[in-house]
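Let the hints inform the model, and build the full structure from the sequences given.
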Amino acid sequence: MNFDIAPEDEAFRAEVRAFITAHLPPDIARRGQHDYHSAREDVQRWMRILNAKGWSAPHWPARFGGTDWSPLRKYIFQDELRRARAPVLDRCALDLLGPVLCTFGSPQQQARFLPPILNGDEWWCQGFSEPGSGSDLASLRTRADLDGDHYIVNGQKIWTSEAHYADWIFALVRTDQTVKPQAGISFLLIDMKSPGIVRRPIWSIDEGLTLNEVFFDNVRVPAENLIGEPGSGWGYAKFLLTHERTTSAVVSHTKRDVDQVRHLAAHARAGDGLLIDEPAFAAKLARLEAEVIALEWSVMRVLHAAEHDAAGNAVASLLKLRGSELSERAALLAAEALGDHGLAAMPDPEGHHILHGDGLSPGLTDDEAIGVTAKAMFRRATTIYGGASEIQRTLIAKSILGL
Amino acid sequence: MDFNLSGEQQALADSVARFTARDYSFEARRRLIEAGTGLDPQHWQTFAELGWLGAGLAEDAGGYGGGPVENMIIMEGFGRTLVLEPFLPVALFAAQTLAALPASALRDELLTGIVAGDALIVPAHGELAARGAPDHVETTFANGRITGTKSLVIGGHAATQLIVSARSTEGIGLYLVDPAADGVSARRYRLLDNQHAADLQFDEAPVLETLAHPGEGLAAISTGLAHTLTGLCSEAVGAMDTAIRMTRDYITTRRQFGTTLSTFQALQHRMADMLVEMELSRSILYQGIAALDQPGASRDRGLAAMKAIVSSAALFVGRSAVQLHGGIGMTEELAIGHTYRRLFVIAGQFGGESLHLKTLAGLPRSFWQETTSPAAC
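Protein chains in written order, with the numbering used here: chain A, 8 to 410; chain B, 112 to 488.
If you're looking for bench data, these hints aren't it; they were derived computationally from the structure.
Some hints could be false.
Said to hold, decoys possible - Covered by chain A, per the in silico footprint, the following chain B stretches (three or more residues, Cβ under 8 Å):
no.: 1; region: 115-124
no.: 2; region: 132-142
no.: 3; region: 338-344
no.: 4; region: 358-364
To be verified - Here are a few chain A residues that sit away from chain B, every Cβ distance over 10 Å (derived from the structure):
no.: 5; residue: 35
no.: 6; residue: 113
no.: 7; residue: 182
no.: 8; residue: 185
no.: 9; residue: 190
no.: 10; residue: 286
no.: 11; residue: 304
no.: 12; residue: 321
no.: 13; residue: 367
Unchecked claim - Pairwise CB distance ranges (calculated):
no.: 14; chain 1: A; residue 1: 359; chain 2: B; residue 2: 430; range: 49 to 55 Å
no.: 15; chain 1: A; residue 1: 9; chain 2: B; residue 2: 249; range: 39 to 45 Å
no.: 16; chain 1: B; residue 1: 115; chain 2: A; residue 2: 128; range: 56 to 62 Å
no.: 17; chain 1: B; residue 1: 477; chain 2: A; residue 2: 372; range: 20 to 26 Å
no.: 18; chain 1: B; residue 1: 216; chain 2: A; residue 2: 74; range: 52 to 58 Å
no.: 19; chain 1: B; residue 1: 169; chain 2: A; residue 2: 32; range: 34 to 40 Å
no.: 20; chain 1: A; residue 1: 184; chain 2: B; residue 2: 137; range: 53 to 59 Å
no.: 21; chain 1: A; residue 1: 115; chain 2: B; residue 2: 367; range: 55 to 61 Å
no.: 22; chain 1: B; residue 1: 430; chain 2: A; residue 2: 245; range: 57 to 63 Å
Built from N, CA and C at the ideal position, the CB exists for glycine as well.
Next comes the structure, spelled out in structure tokens:
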């Protein structure tokens, strides 16, 4: 056993940090301090800078434009991006679809779709959930029927993050109604400009817009846009959800948030002193911090575990469950740190999608405070999406404990 | 980084497992409790013969050249079967405190005695008012004599020598004291988990030797304590793992409402949370071991975070294990209640969650400045 980071990996971290410091545009970095989803323009500019360096998808295989970095270095890279408050990249394309395309896509599909992802030219959203199929995803009903060399898609997707930005959607569709639910599902790439697609925004409790409904009414999709084999979509979806075992911990995000809470509390007056010196608040923050340390070391264990190592699987199983809980707790504590202003709605002052255009918000001047309550509200979703906590606990009980 | 045991480390783990399987069945442990000594001399001899008393001690300190990972392996194994002997106070707390002192004939002789199993040396450091804080010492040293009261000295009833921390105007020093000397009296008690401990009262008790001069003792005893904390948390991880296994076995066989308990989702989810707490504890234990090499404040932060997490996890897992067993979990005759009691003791030993969160809050540092974090810079 050896719990030390190798000096070469420390040097790698320094290299990444130096690059980000030199190349992240200051206006993007400033907006990155705010707790909103990054605007598409910011993400796009940043992705092109990263792509010029060959760093926009380091976790992809090198021959598709990724790198051959070790799992630890991939983690360090993401960790440094969060430290710098860089925009969150197009996760759907980079983390979800990308590995599926690299692994199961045809050479033509790879050549067509991967380069525009790397350069931020084409944006993707994920069409999995449906109104009647949330946690029970295999019951999905959106259907795709073959008609010559096209599929005709009919149905509805919901909770589709960033669909209002997206150029393309990768969707799970039912291509066979006669077999058991999982076996009839295929993985289809659909152009969002196709006739018959309607997007409807779903305003969420943070007064922000990330979620959408997407309706398909006789949408014609070239059959060549089907990934792999018809009926194998469920397997690709499982691959996609389990391919990267540590991202769901969002540990680097939460590390940033803990630093943010400490900053806010160190600048918040409490009586004649500062909030950071209030024992009850300080203990809450310390507890959160200790749990984040435990989570990050759990990530380290998974990064260094062989893929099918039983002990590694046991640790990996907790990352989403605890990572999502800590993510919300950090946001709630940041709101608490703001006191009276931590109760105010905080629409994005530079945002394009604002529910109420009344411009009302408390006069916050600290960039680290802007958007805190919007984040606190949005994070209520963390223990719901990507497999709700209740599903995660059942999975742990069955697959790890054998109950 | 490498989270796998080396071949030698695996052999050590196997050796500990063989010992506990052979000598520490529930029934054998019960007999040892009945004997009322808290210590089987044959076990201690085995610890010496197998090299465990020096396994985590550097060679230049008279050990076999291992480190905290070796101690972790032993303590985790001991946690699985609730070993009663005071291995932690002697082989970790006393030995690592001595190893942190400058080499001297006296220090080396004491360490040799510990490793050989001849000397049962334990520190007498904690005090009631300290509540686990390492630097709160009211016991005084003056004119070669010690006065004050030390609490929860595990193994203190059987010690051959004591390492006593005491304060004088120049700061905290460490002193070797004969527990049989005039002026030393022991109030012996059993802990909830049947370990034997004592409160030791020193009334102008004579000092045999000065181990660390005033002002030089706190650093050494803090280093000893740091190693002890990682050992204690290793023991907790072993005990938690056992509690989870026993509970899983129980609920997969116990039937109610015409089915096994394991089919009820409320119980499944409770068990999932127990597993999560245990794995997070193991993760932060590794972090704590990594922190042992760090300079003062970083080390103390890492250890405080570790003990805060492990203390709460130990209580949660122990309590939940009894809960899922139901009434039978409350009985003396079933192992799970003993495991809970050990976890309860560990949670509070050397300070509980509150103390360590306070310590952590007092040492603020950004994650990206933290040298014990994988995100070090």
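Verification of the supplied hints:
| no. | hint | in the structure |
| --- | --- | --- |
| 1 | 115-124 | holds (count 4) |
| 2 | 132-142 | violated (count 0) |
| 3 | 338-344 | violated (count 0) |
| 4 | 358-364 | holds (count 3) |
| 5 | 35 | holds (19 Å) |
| 6 | 113 | holds (38 Å) |
| 7 | 182 | holds (33 Å) |
| 8 | 185 | holds (32 Å) |
| 9 | 190 | holds (27 Å) |
| 10 | 286 | violated (8 Å) |
| 11 | 304 | violated (4 Å) |
| 12 | 321 | violated (6 Å) |
| 13 | 367 | holds (34 Å) |
| 14 | A/359 to B/430: 49 to 55 Å | holds (50 Å) |
| 15 | A/9 to B/249: 39 to 45 Å | holds (41 Å) |
| 16 | B/115 to A/128: 56 to 62 Å | violated (43 Å) |
| 17 | B/477 to A/372: 20 to 26 Å | holds (22 Å) |
| 18 | B/216 to A/74: 52 to 58 Å | holds (57 Å) |
| 19 | B/169 to A/32: 34 to 40 Å | violated (51 Å) |
| 20 | A/184 to B/137: 53 to 59 Å | holds (58 Å) |
| 21 | A/115 to B/367: 55 to 61 Å | holds (59 Å) |
| 22 | B/430 to A/245: 57 to 63 Å | violated (36 Å) |
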